[in-house]
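Use the sequences and the hints to build the structure in full.
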Amino acid sequence: ALDIDQAYSGTIDNAVVVLGDISDHALEVDGPEGTSNGQFTLQNLTLIGNLNTDNGEYADYRSNAQGMSNNIFAYGFKDGSDVELDNDGVATNYNNGDLTFSNWEIVLPAGVTNVEDIFVNKAENVMVTGFGTEATAVTEGNQTVGANTSLLSWTYANVAGALGF
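Mapping the sequence shown onto our numbering, position 146 (from 1) lands on 146, and the numbers just tick up by one.
No wet-lab data here; the hints were simulated from the structure. Glycine included, C-beta positions come from ideal geometry on N, C-alpha and C. You can take every hint at face value.
EDC-like, lysine to aspartate or glutamate: derived pairs with alpha carbons at most 20 Å apart:
#1 K78 with D21
#2 K122 with D79
#3 K122 with D82
#4 K78 with E28
#5 K122 with E134
#6 K78 with E116
#7 K122 with D24
#8 K122 with D88
#9 K78 with D117
#10 K78 with D54
#11 K122 with E28
#12 K78 with E140
#13 K122 with D30
#14 K78 with D24
Here are the computed distance ranges between Cβ atoms for each label pair:
#15 L163 with T11: 20 to 26 Å
#16 N52 with E124: 29 to 35 Å
#17 D98 with V120: 18 to 24 Å
#18 D54 with T139: 23 to 29 Å
#19 T129 with L152: 32 to 38 Å
#20 G20 with G97: 33 to 39 Å
#21 L152 with S36: 27 to 33 Å
Structure, rendered in structure tokens:
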């Protein structure tokens, strides 16, 4: 998982996250803590799900997360997996443009017919509009976003996990 916390304000670019059998979220994004304030950038990521894990969510945005998640490709997730806005603070940041999403391409799990259904607002008191419209359903091999895996072919993770980069 990519787990960012405490007002992380850097950029993570060209990364692959592979969920294992006991994985929780591919992305776990927390926002500022205390007086620290920062916005992250996640771009050109490939998220590979796992059908055997009990949880196996795409992403959990929580604790007033603020930043950008762009050019994300995801496949191999279960039909109950989601990208979630976890609380009122995160939903407010989404509405205010402090948390943005663009160019997500997702291979729909069996049983899911609408890509927007994967994007869930779990805030108790804040409604959002348009969450999930940033995503497109694709078939594997026809994606136009995500990590450039050819740059990762040399990695131990590729060899040990037989990822085929």
